[in-house]
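Number of protein chains: 4
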Amino acid sequence: MINKKFIAVIGGNQPSSQEAKVAEEVGRELARQGATLICGGLGGVMEAACKGAQSEGGVTIGILPGDSRQAANSYVQIPIVTGIGHARNLAVVKSAQAVIAIGGSYGTLSEISYALNSGIPVIGLNTWSLSRKGHQDNSIIPAQNPIEAVDKALNLATS
Amino acid sequence: MINKKFIAVIGGNQPSSQEAKVAEEVGRELARQGATLICGGLGGVMEAACKGAQSEGGVTIGILPGDSRQAANSYVQIPIVTGIGHARNLAVVKSAQAVIAIGGSYGTLSEISYALNSGIPVIGLNTWSLSRKGHQDNSIIPAQNPIEAVDKALNLATS
Amino acid sequence: MINKKFIAVIGGNQPSSQEAKVAEEVGRELARQGATLICGGLGGVMEAACKGAQSEGGVTIGILPGDSRQAANSYVQIPIVTGIGHARNLAVVKSAQAVIAIGGSYGTLSEISYALNSGIPVIGLNTWSLSRKGHQDNSIIPAQNPIEAVDKALNLATS
Amino acid sequence: MINKKFIAVIGGNQPSSQEAKVAEEVGRELARQGATLICGGLGGVMEAACKGAQSEGGVTIGILPGDSRQAANSYVQIPIVTGIGHARNLAVVKSAQAVIAIGGSYGTLSEISYALNSGIPVIGLNTWSLSRKGHQDNSIIPAQNPIEAVDKALNLATS
Chain H
1122 MINKKFIAVI GGNQPSSQEA KVAEEVGREL ARQGATLICG GLGGVMEAAC
1172 KGAQSEGGVT IGILPGDSRQ AANSYVQIPI VTGIGHARNL AVVKSAQAVI
1222 AIGGSYGTLS EISYALNSGI PVIGLNTWSL SRKGHQDNSI IPAQNPIEAV
1272 DKALNLATS
Chain Z
1122 MINKKFIAVI GGNQPSSQEA KVAEEVGREL ARQGATLICG GLGGVMEAAC
1172 KGAQSEGGVT IGILPGDSRQ AANSYVQIPI VTGIGHARNL AVVKSAQAVI
1222 AIGGSYGTLS EISYALNSGI PVIGLNTWSL SRKGHQDNSI IPAQNPIEAV
1272 DKALNLATS
Chain E
1122 MINKKFIAVI GGNQPSSQEA KVAEEVGREL ARQGATLICG GLGGVMEAAC
1172 KGAQSEGGVT IGILPGDSRQ AANSYVQIPI VTGIGHARNL AVVKSAQAVI
1222 AIGGSYGTLS EISYALNSGI PVIGLNTWSL SRKGHQDNSI IPAQNPIEAV
1272 DKALNLATS
Chain V
1122 MINKKFIAVI GGNQPSSQEA KVAEEVGREL ARQGATLICG GLGGVMEAAC
1172 KGAQSEGGVT IGILPGDSRQ AANSYVQIPI VTGIGHARNL AVVKSAQAVI
1222 AIGGSYGTLS EISYALNSGI PVIGLNTWSL SRKGHQDNSI IPAQNPIEAV
1272 DKALNLATS
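Chains as they are written, first to last, in the working numbering: chain H, 1122 to 1280; chain Z, 1122 to 1280; chain E, 1122 to 1280; chain V, 1122 to 1280.
Watch out, some of these pointers could steer you wrong.
Note: identical chains are not told apart, hence a pair may lie in one copy or across any two.
Dumping the calculated BS3-like pairs for lysine-lysine here, alpha-carbon to alpha-carbon at most 27 Å [claimed, not checked]:
1. Lys-1172 with Lys-1273
2. Lys-1273 with Lys-1142
3. Lys-1142 with Lys-1254
4. Lys-1126 with Lys-1142
5. Lys-1172 with Lys-1254
6. Lys-1125 with Lys-1172
7. Lys-1273 with Lys-1125
In short, the hints are calculated from the structure, not lab data.
Generate coordinates for the entire structure from the input sequences, incorporating the hints supplied.
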């Protein structure tokens, strides 16, 4: 296996402009630090992160839900065509050593859940927060900005 | 299609004794009201709900993650063997017209996420609560007891 | 688990009229012998088999590829909505103790392959035949008519 | 998307020594011609093909069935961890523009079936041959040696 870290960036396909900027900067910083970017391969946060990574010469992998590589955003270099719909959310996080969540809706929440269930660290940038049976769950590690999120993700990406 | 409603009961495989009692009563009430119970087929909340449903003559379906029907709890009448691991969580909720969540950990949270993402109503009995970007998300409909949970689920199970 | 055998019927969604008649008779005979019918839930051979089973009071399960129970044929009593596309072919055969293949195209062949790979007996009614590296593979057990196919399937459905 | 072709190499995990040699040469030739190799990530034919590709500086992707990247053979550079078992066979072929099958058993046959069902060309090196309803099916394109197989695959990898 090449000596690289695999980091997933997850988030919605209809981000705010601020979230898109954050995602692009996360992608750039991952590439600068030599990490390989994994995402769901579609638009919004996924596309912005890939765009950022590609601009710095990084490698981008898109794990697509549908039946065609044509659905990948134009910054995905390696499209994985799963044909299994949203069940591919499991593969997005399991293929990563750490996950960075940016905003996002219920699809993103399913990915956060799968990551935490698998013991994969999740770094959050203004995303979901969780309580279970009335008690705060602090498993999502907060970050204040893209650089901090990438630093934390890479430090935790050990398995 | 037979004139029945399909309701999923989700929750952890290591529930408290109180959660197990709640799950069993949910299963009984679903059966009394003629609904078909869908679950992940394993132990804990899933087993307690199936036990309750079977005791009242209800039908129980277990959508299993692994490769063998032998993993089903002994109250599952119809084991579906998917072989796709936790990706079967998607099938558990998509096969239901409403979902009742009892306690639960991250696997349960992935099922809640998938249900909400698919527009399937989720009724919660002392389970997860969610905030997104600092704002409370009230999509999980609370219930105070098993009877109320089943009533709400059946009323919302229209699609 | 209820004291029933689970038998999958697989085949194309555009069968010849003769294949559709065979499928319907297979469904009827499975129901007469008390077996539960599992199929992919869609049209063609799947629909004909479900129609036959229902006409004799049998139970029919359709494991659907898409996101909606509405895609099930009208003789499916228990629709399982997987959302995983053709990857559900694995669940169709793994949920059965024996498989009856009627004609069929490449989708059916993928199901035959999965069944044989899992050690699940496959009975063939004018379906695929296989050679590997120039040698005939006789794993698909031939049957001459629906009654013989059902008898062989039920005799082999022991695991 | 990078200007590369994606070719899947499929085959058993217990190949003959001759099959392993063929797989390694297929991997080498794919790399020489600039193609990216996709496979199921495990041993046997998959490992031999990855070894060959890596020896010529090629890129290797392993789409794994289980829950851990540790299961990848040591020549996989990009491990995709799906967690969906044999249902990942669908992703292996759908992620490719053409497929080269070397020997193989029922798992390989399921991949051949999925590829043909999706309209993805399959080149065969001493692998399965198929008859449907008593008529030979010539969809698997034969090749006599690794170089011919790679040439045919690359020529057909247009979609």
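> When no copy is specified for Lys-1126 and Lys-1142, does a C-alpha distance of 27 Å or less occur within a copy, between copies, both, or neither?
Replying inline: The answer is within: 23 Å in one copy meets 27 Å, while 31 Å across copies does not.
>> When Cα atoms must be at most 27 Å apart, do Lys-1273 and Lys-1142 count as within-copy, between-copy, both, or neither?
In response: The answer is within: 19 Å in one copy meets 27 Å, while 41 Å across copies does not.
> From the Cα coordinates, with 27 Å as the cut-off, is the pair Lys-1125 and Lys-1172 best called within, between, both, or neither?
Replying inline: both (19 Å within a copy, 19 Å between copies)
> How do Lys-1142 and Lys-1254 come out at 27 Å by Cα distance, when the copy is not named: within, between, both, or neither?
Replying inline: between (35 Å within a copy, 16 Å between copies)
>> When Cα atoms must be at most 27 Å apart, do Lys-1172 and Lys-1273 count as within-copy, between-copy, both, or neither?
In response: The answer is within: 21 Å in one copy meets 27 Å, while 34 Å across copies does not.
>> Within a copy, between copies, both or neither: which one fits Lys-1273 and Lys-1125 at a CA-CA cutoff of 27 Å?
In response: within (16 Å within a copy, 33 Å between copies)
> Between Lys-1172 and Lys-1254, at a C-alpha cutoff of 27 Å, which is it: within one copy, between copies, both, or neither?
Replying inline: So Lys-1172 and Lys-1254 pass the 27 Å test across copies only (24 Å; inside, 40 Å).
Of the numbered hints listed earlier, not one is contradicted by the structure.
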